[in-house]
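S.K.: Residue strings, one per chain:
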Amino acid sequence: MHRFANPTRFLRLANAVLPWLGGLTVILFGVGLYQALVISPADYQQGETVRIMYVHVPAAWAALSGYTALAIASFTFLVWRHPLADLAARAASPIGAGFTAIALVTGALWGQPMWGTWWVWDARLTSVLILFFLYLGHMALVNAFDDSDRGSRAGAVLALVGVVNLPIIKFSVDWWNTLHQPASVLRMDGPKIAGEMMTPLMIMAGAYFALFGVLMILRIRSLLAARRLRQLRLAVQET
Amino acid sequence: MERSFESGPFAGDDLAVVRGGRAVFAGLSFSVSAGTALRLAGPNGSGKSSLIRVMAGLLRPTGGELRWGRAPVREDPEGHARRLAFLGHSDSLKSTLSAGENTAFQLRLRGIEGSTRTAALARAFESLNITSLIDLPAGWLSSGQRRRTALAGVLASDAPLWLLDEPTVGLDTASVTALEGAIAAHLAVGGMVVAATHTALDLGARVTDLDPATCARKTASLSDLGDGWGVA
Amino acid sequence: MGRFWAIMSRDLTLARRQGADLAMTVSFFVVVVVLFPLGLGPTPGQLAEIAPAVLWVTALLAAMLSFDRLFQQDAEDGGLDQLALSGLPLAVVALAKALAHWLTTGLPMIVLAPLLAITLNLNTEAYGALILGFVLGTPIVSLFGTVGAALVVGARRAGVLVALIVLPLTIPVLIFGTLAIDAAANGLPIRVHLLMLSAMLAAAIPLAPLAAGAALRQALE
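Protein chains in written order, with this note's numbering: chain A, 1 to 239; chain E, 1 to 232; chain D, 1 to 221.
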């Protein structure tokens, strides 16, 4: 058992970081959204709809990073059996799935004016959709056992299998897309990102990642509380 | 059984198992040497099955160490598996295979092949008085017959260490006597037997009793709370 | 090696004796494929166009139905403990199970797929790609399914769960399997698609049993 990072110490650290990180999230979203929606220029081709990019692209980045975080936490849990890693993995998949859902919805909203339809089997959008399925499978597996430790361990193995397969899935979807898609369709990654678009995009990405951190801390804290509650009830029953 | 075993002792030091955030037992030590038996007693839920699964290497103990002679078991789990025969709660019989086929599969898993296998199997069925069942599908057998078929797999194995979890469940008096005879013969050639049972089962003169429930359970669950993660 | 064959041949014997289970999976494959012409109308050109997708998607779904029992029965009757105590690494046990699964479900589907393709009026040129794609693709599905089956041992609703976690992983097989048939039907080279499937199979043969072995180890504890 690993006592070097005990929960009390983790909670002390997390509680100290949380207000700062929360404040940073609010500031970054404020500045980022002002820049993105007001300051930055409209695209000469897409017009005002290009502004959806500032909420869509960072969500897709956060979705992908969430799976990486999930895989790292799972690996740490399987190898060193560290309880914090287990809680982090359990916390990461619903949060990652949430960002994936934001990316999918904003992608559809962006697609409507661009392509005239809510859904196009664009390679990127399709890959994000499959990523959403991987998150769903992980969440379902983790919660499918009466013994929650068993769910954690199974989920950790699945996350590693998923992260090995993710590049293969991405590659095959790209391949499938180039063979099926007519070349004339406007690609989502098509317009080159101009300099004045880059600054708000990066600020928005920072805001999303800060939000990710805040949600992770909140969720790990509540999972930890649930575990302690269970133990206290067992201890009360035994004495 | 014309063989004899030179090995052991099989021992555990300061073993602990935590399941579902709850200590099943802790600070448990035991030792079994050639020709001796260990009886695990205690009420349901006292950790007998968990301890037997730890001994078999199926369950990783939360703390403590198992040794065979001087060597830690965790350094050679495959080797440990080969020197033990395990009878679990369930009989691990496939109902569409015959009793003989079921036992033969267990022996094949141990790498026992050819005429050695046929002879060992026939001897084991004979000593448990189930020779007549050998060609019947396991699905047709009564629970006592199924238990004896599962036991035949242990008897026919070449393992020095027998780990038996409630071996007498469903057995009548005559079958219990037959099992006691087989255990005595196994101990006589230097074998070891660990049996979890809450019924009367004669394990010979050199037997130790152990109740996992008495092993520091309350202190363990409270000290475990101090860990605070709530996971094993 | 003897123990590997022992596990595989026992699973084959069990499959033969419980023949109804096996027949159900294969019948599901046939029945679902036949539903498509009934739903779509018997226009030959249209059927030929959707034939690759219908055959592959249905094969994947049929395979998913067969995975939940792969380890569940052994876990329930204590057989999994005996397999774990055979002294074989659990990855090798999983490989033996996967091989038995492929022989009992993958192989019959390889035989049936071209027959069903006839009913869908698949282009004559495409049969080679169909069969080769199935030969390379169905073992990958069996291997991935073995991982999924090992993960869901002891889970609630294991049957649905295994499909939910394995189907996304089999998307590359579906893509290259159908692309190969499409290419052949249009007179294009199929080599690159089959090479992709071969590469995936070559990677899955060592990696999937390792993952399944790790999952089984977790299931035992």
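To be clear, the hints were calculated from the coordinates, so they are not data collected in a lab. Take these hints with a grain of salt, some might be off.
[Unchecked claim] Sample of chain D residues at the chain A side, in silico, Cβ under 7 Å:
(1) Leu40
(2) Pro44
(3) Leu161
(4) Ala215
Bear in mind that the values here come from a model prediction, so they are computed numbers and not experimental data. C-beta: ideal position from N, C-alpha, C; glycine also.
S.K.: Hint numbers the structure violates, sorted upward?
M.R.: When the structure is compared with the hints, numbers 1 and 2 turn out to be violated.
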